[in-house]
Structures are given as structure tokens and as C-alpha cells.
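Since chain A is already given, all that's left is putting chain B on it; use the hints.
Here the protein sequences line up with chains A and B, keeping their order.
Going letter by letter, the first sequence gives residues 0 to 402 in numbering that gives the first Met the number 0.
Going letter by letter, the second sequence gives residues 0 to 353 in numbering that gives the first Met the number 0.
Hint data in this document are derived by calculation from the structure and do not stem from the laboratory.
Hints may contain errors.
[Claimed, not checked] Using C-beta positions, here's what the derived DEER-type ranges look like:
hint : chain 1 : residue 1 : chain 2 : residue 2 : range
1    : B       : S100      : A       : Q250      : 53 to 59 angstroms
2    : A       : S144      : B       : K240      : 21 to 27 angstroms
3    : A       : Q250      : B       : T145      : 56 to 62 angstroms
4    : B       : G341      : A       : E314      : 28 to 34 angstroms
5    : A       : Q250      : B       : E5        : 27 to 33 angstroms
6    : A       : S148      : B       : Q244      : 25 to 31 angstroms
7    : B       : Q244      : A       : Q86       : 51 to 57 angstroms
8    : A       : Q86       : B       : E5        : 30 to 36 angstroms
9    : A       : Q250      : B       : M0        : 19 to 25 angstroms
10   : A       : H276      : B       : T183      : 44 to 50 angstroms
11   : A       : K79       : B       : M0        : 18 to 24 angstroms
[To be verified] Below, a list of computed lysine to aspartate or glutamate pairs in the EDC-like style, where the Cα atoms sit at most 16 angstroms apart:
hint : chain 1 : residue 1 : chain 2 : residue 2
12   : A       : K393      : B       : E261
13   : B       : K171      : B       : E153
14   : A       : K34       : A       : D46
15   : A       : K294      : B       : D345
16   : B       : K349      : A       : E297
17   : A       : K34       : A       : E47
18   : B       : K349      : A       : D281
19   : B       : K240      : A       : D400
Don't be surprised by glycine CBs; every beta carbon is placed ideally from N, CA and C.
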Amino acid sequence: MATAADTRPDADLDAFRAEVKSFLAASFPDSLKGKGNALRSVEGPTDETAEETAWRTAMAERGWGTPTWPKEYGGGGLSKQQAKVLQQEMAMAGAWNPIGGMGVMMFGPTLLEYGSEAQKQEHIPPITRGEIRWCQGYSEPNAGSDLASLQTSAEDKGDHYLVNGQKTWTSGGQWADKCFCLVRTDRSDKHKGISFLLIDMDSPGVEVKPITMISGMSPFCETFFTDVKVPKANLVGEEGQGWTIGKRLLQHERTNISGGGALASLNAQPLSKIAEHYIGTDENGRLADPEMRVKIAEFEMAWNTFLLTARRAMEESKAKGGVSEISSILKNVGSKLGQQRAEMLIEIMGFRGLGWEGEGFTDKELKHVRGWLFGKATSIYGGSTEIQNNIIAKRILGMLDHQ
Amino acid sequence: MAVLNEEQTMLRDMAQEWTKNESPVTAWRKVRDEGSNFDPAAWSAMGEMGWTGVIIPEEFGGSDFGWMSLGLVVEQLGKTLTASPLVASSLAAGAIILGGSQAQKEAFLPRLASGELVGTLAFDDGPRHSGAVSTVAVSEGKLTGTKPFVHEAESAGLFVVLASDGVYLVEKGAGVTLSDRELTDMRDHAEVTFDGAAAERLADGGDDLAEAILDRARILTGAEMLGMAQHVFDETLDYLKQRTQFNQVLSTFQSLQHRMAELFTDLELMRTAVEAGLQALDTGFRVPEAACLAKSRANDVLHVISRQGIQLHGGIGMTDEYDVGFYLKRARVLEASWGNSGFLKDRHAKLAGY
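One chain only, chain A, in its complex shape (with noise of 0.2 angstroms):
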């Protein structure tokens, strides 16, 4: 429900809007409209032209990459009302960010809730920048929902850890600079052995490994680390402390897998449009396939409770001030719809819905194909939609556990 505060027009917020516009037409050239930002991508890097590094450095200069950040780490320290103009302003402009990946979605904010000052220093500027990759060191091969039960080690020789042990499911692992990882440095205690650290990808004895996946694409990888030296510096809050920090990045993943720019925008083009380019319509102008029809209204009817609940949820969590309950359900229901609306799509191109390179197909309907293919791993990543259940029923509707 909307407050007298956030309608009441703000002298101050119509000249921030105004520096946007100008900066805008001074920055962003018409020729990157539409295109994307190559870190955001799990499909992998694109080098940037010379247009997309000075749009790049253009946004960092401002901080207006991470426009909620504090200034002192290179943020662009502007309260919600003014990211959200920002944010009003670009997409009017057809203008997208340059400055993501996971260093901005999920890492970021943990190191500003628990990192040290020197800690800050270090490695937010450079991700404010768009100068630097990270990648997760989490899951491994015999921990991955269990995720408490990984094994890598990091063992303490004084002034600097010895790491051993395997992580898989890296994403974007073959491209990034430094790895935010959990590492077990002590065995006697499943979760309080946990300790969370940051490795540079480049150190001797890290050998990454790209994963094929159904989709053909590589966007994962194993990453072996043998003997690896990591400075004490590098550890993020206290020894033992890992699972607490580690459990509050997967929040911020969780809430990019749902309320993400990537789903939001996912029915941007109608099912029913596509459908009638492929199917055709009945003399009443109906979809000809009236099955299709019925399941493509319930798919937009699913969707549009779904938006209309993450809507909820914000508006939750800020008259609240924290964490709505809903938010927990929304990375379920976000997956499913998108593998569904995918599978949707399949059956509403037939064959042409299943090419997988070559001739006769559009590069939409090649791009879709892998989409969908890749898209089976969103019940599964970031917490499976069998973990997320658990999550609900222990804590929301407090079934406890056998005793």
C-alpha cells in the first residue's frame, strides 16, 4: 500500500532524476541498447569493445553499478528512492548495467555485513568497478544439499592456510580472478568447523575443470586445490564462523534466483504471441490448439500471482523492517514456473522447439533449446526445491525433526 511518503514529489529526488537523464545521454550510446552485461552471464565472458569499457567506467566512476553501496568502498552511497530512479531511468533509456556477476549479487553485501575494514578496502572497489570476477567455492562432489558436510580442508601453518580438497559446480570458475569458498578447518564439529575464506584463482595448485552439461554449455566447473597457500588475511570473520556467513550469501543468491532480473523479465514476450506465430487461431480468432490455450492462460495466471507475491513480500519486509516469511517460497515457485514456461515453449514449436545447431532454425529457438536445458538446474541450485521445503516446514511452520 502505498504511504503519503512514497508519492510525495521530492524536490531533491527530480534533480537527482534530472543528473541521471543527463548522464545517460552522455554515456550510454544508442548501439549498446539491448545488449547485456558479459559478467552477469553464466554462459560465459564477453570481451568487452571499447564502447561497453567506457560505459563500463563511465557507471564505476559513479558507483552507480552498486548504487546502494557505501561511497567510502566505491559504491554510489544513493538511498532506495534514488537507485530506484536510477534504476526508472535506465530502463527508459534502454540501458543496462555493466557492473555484476556474483561479486556484486552475492558477495559483495556479505563482505560489507562481515568483512573487515581492510577486508572492504581490498575487494569491494574492484567489484564496484567491474574489474574482477568471483566465482563460489561451496558445493562439492559428496556435499552439496548436505552442504555442511564438505570435506575441503584448510589447515593452519601459521601465517597462512594450506588448502586441499575439490569444489564442483563452480560457475563461471574457468573466468574468475578469486574465489569465495568454504573450507572445513576443523573436523571434530560438522558446522562450527566451517571457516569461510577468499582464494585467488591464480595461487599454484588451482586447476579448474569446465563441466559439460545437457545443455552442451560449460557454465560450471570442478576446481581441484592442491596444497594451495591462502594469507590468514584472507579469512572473513572468525574461524568457525563460515557456515553462519555462508548460510547469509545463500540468502542473497536466493533472492537473485527469484526476484531476478532474469525471471522478471522472463514472460516479457507473451506465450500467447508465440503460440499464435506457431500454431495459428480458430475463426473466433482463438488459439487453434485449445488445450494450449487453457494451459498458457493458467501459466500467465501462475505467473502474474507469483509477481503480485514478490511484490508482497517487498512490501512485508519493509513495513516490518525484515525478512517477510513469503520471500522463502518465491525461489520454489520462480523455478518452477520457468522451467515450466520453458517446456511450454517446446511444445508450442515442436521440432522446431528442439534443434540443437544448424539449419533451420531461428537463434532464438536454438538459444531457447538450451535454455531449457540449462534451466533444469534452478530446482536445484542456490538450495533444491526439496531443501527450500524443509526450510519452510521447520521454520515457518515449526515441524521439528524425529526426536
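For chain B alone, coordinates are given in the frame of chain A:
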């Protein structure tokens, strides 16, 4: 739960308190066992608390608190299955607010606001809802035809009737005959036959008046269904936390935890859709779309929750002595009212142009 203002919070808390103390499910059980339509004392209490006038403008004796506020009350009544014509009568008032002349408003709204007069909608010609269409004809101010299933018909003194050329007001009296229809929910339903009954047209609502009235019916019925779904969910969760099998409390079984987590997710999505519908009525923004969403989510989710409510209670859920069955039986009646999910999906597609 939508973020509420102070007035809405007070109204909701009052309704919650009242239903808990004065109108628990045992009160409904008593009404059913006596074979009556509702408890007159409860209805007059609702009038005194102002619930009958929540959406009616102040100049006609209401409080003009809006649909969201009314929905909050109706949701509480749904939780305890309180038998009353509040939904039907509010919808009749809503129809007059939308399409009534000044004279019609003056004649009916103050009496509806006080609860002294009960109104209801008599819209559908057949056994299932098929939109704003009717073959009932009016000639020279006299209405003739049959409406086979009318909610709260015995209690009503005023019928808002859909005819082939518009919406009419008909007062109970000469030319109006009722035949009781006992549906599975044991609430007040009847077939209403009009035989030359005096009818006044609601002339000011525009071409979409009947649709606008139906949209209100869909959303407000959704609010009642939300209360029912919430109650069945809460009761079932409590039951799982108490009942022991294989030396373990049922709520510790992961398969049941996951089922409840999924029902919780469905329930919260239903809440979003219903509350968004009520808010749409207050702001007037995209009401038809919001109504489709609210009622279709309410249909689908209450359907599943009312079934799972029985299943998860096991054998005791099958007994008349236990309450959960009442919700299943009322759920299906409300699902069939003002559009089942198939109808609403079709309507959504039409509104979206495909």
C-alpha cells in the same frame, strides 16, 4: 498478508475476536442441526458492528471503508464457517452502488447498511455459472423466469436479477416463489421463480454492469474461500503436530513436511491473489483481470487444501463429528459459484486477446 492501515487492522482484529468467541464452528454446527439459515442474533450483531455497511457510502448509512476492509471481515467469517448473508447482501449493495439511480440508492442502501434488509444476486439460469448471460425476460416492468440456485434466498428480501437486457431489482413479494434447495454445504439456497414480479432496472451502470457485479462476487467469494483454506491448513498442521504414529509425531515425517510446505506455498499465492483482487476493487485498476486471478486461485487452492485436509487427518477427517468435512462441502459449492476454474481461464485468455 497485505500491509494494512490502522482502520483495517482494527476491523480485522475485531472480526477475528468476534468469530473466535461468538461464532466458532460449533455455532455453525448448531445452525445446521436446527435446520435454520443463520443465527439471527449473530446477524444483528454484525449489523451493530457495522459490517453490513462496510462498502456503503456514508451518506447512505455505511462506513465506506472499502472492499479490502470487507474482505478482511469475510475472511474471518470463512475461517469459522459463520452462516450469514453478509457476502450476498454486500454484493447486492455493491450492485446498487454501481448501477442504481439516486432514488434506488436512497430506497435500499440504508436498509442494507443496517442489516435490516438482506439482498442477494440471482444471476445464473443453469446449474453452472456461464457468465453474464440470461434468457430471463422483462416486459412492462414485470419479470418472469427461473433462477435455479440462489445463495441466501430464504433470508433475502431483495433480489438483484440478471435478465436478458440488464440487471433488475426485485423485492420479495407477489410473483416471487421459492423452492428450497439443500446443497452439500447445508447453507441457505433456493430456486427462485419470478412470475410477473415487479422489477426496477439498474440503469446507471453502463454496458458492463453485470460483469462488474460478477467481478465483485468473484473477489469477495474468494475472500471467504481464503479464510476457509487458511483454517483447514492451520487445523491440519496442528493435528500433524499432535498425532503420533510409529512412535513419532506425524509432523516429523519428511513426506508430510514437504506436502505441508507445498500447501503453504499454494495458500500464500492464493492470499496474494485474493488480496490483490480486493485492492483492485478499491483502486478500480484492472478489476476483471484481478477477479479472474482471485477466484481461479481460490478455486484451485481451496480444492487441494480441502482434499488434503481430509487425507492428512485420516479416518477422523471422514467423520461428521470432526469439522474438516464441512469445509470440503462448502468449498465445492463456492468453487461452482461465479465461475469455475475452466470458465475463469477462458475469461482470462479472452481479456488478454487470445
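Status of each hint after checking the structure:
{"no.": "1", "hint": "B/S100 with A/Q250: 53 to 59 angstroms", "verdict": "holds (57 angstroms)"}
{"no.": "2", "hint": "A/S144 with B/K240: 21 to 27 angstroms", "verdict": "holds (25 angstroms)"}
{"no.": "3", "hint": "A/Q250 with B/T145: 56 to 62 angstroms", "verdict": "holds (59 angstroms)"}
{"no.": "4", "hint": "B/G341 with A/E314: 28 to 34 angstroms", "verdict": "holds (32 angstroms)"}
{"no.": "5", "hint": "A/Q250 with B/E5: 27 to 33 angstroms", "verdict": "holds (31 angstroms)"}
{"no.": "6", "hint": "A/S148 with B/Q244: 25 to 31 angstroms", "verdict": "holds (30 angstroms)"}
{"no.": "7", "hint": "B/Q244 with A/Q86: 51 to 57 angstroms", "verdict": "holds (52 angstroms)"}
{"no.": "8", "hint": "A/Q86 with B/E5: 30 to 36 angstroms", "verdict": "holds (31 angstroms)"}
{"no.": "9", "hint": "A/Q250 with B/M0: 19 to 25 angstroms", "verdict": "holds (22 angstroms)"}
{"no.": "10", "hint": "A/H276 with B/T183: 44 to 50 angstroms", "verdict": "holds (45 angstroms)"}
{"no.": "11", "hint": "A/K79 with B/M0: 18 to 24 angstroms", "verdict": "holds (23 angstroms)"}
{"no.": "12", "hint": "A/K393 with B/E261", "verdict": "holds (13 angstroms)"}
{"no.": "13", "hint": "B/K171 with B/E153", "verdict": "holds (10 angstroms)"}
{"no.": "14", "hint": "A/K34 with A/D46", "verdict": "holds (13 angstroms)"}
{"no.": "15", "hint": "A/K294 with B/D345", "verdict": "holds (10 angstroms)"}
{"no.": "16", "hint": "B/K349 with A/E297", "verdict": "holds (13 angstroms)"}
{"no.": "17", "hint": "A/K34 with A/E47", "verdict": "holds (12 angstroms)"}
{"no.": "18", "hint": "B/K349 with A/D281", "verdict": "holds (13 angstroms)"}
{"no.": "19", "hint": "B/K240 with A/D400", "verdict": "holds (11 angstroms)"}
This entry satisfies every hint, going by the numbered hints stated previously.
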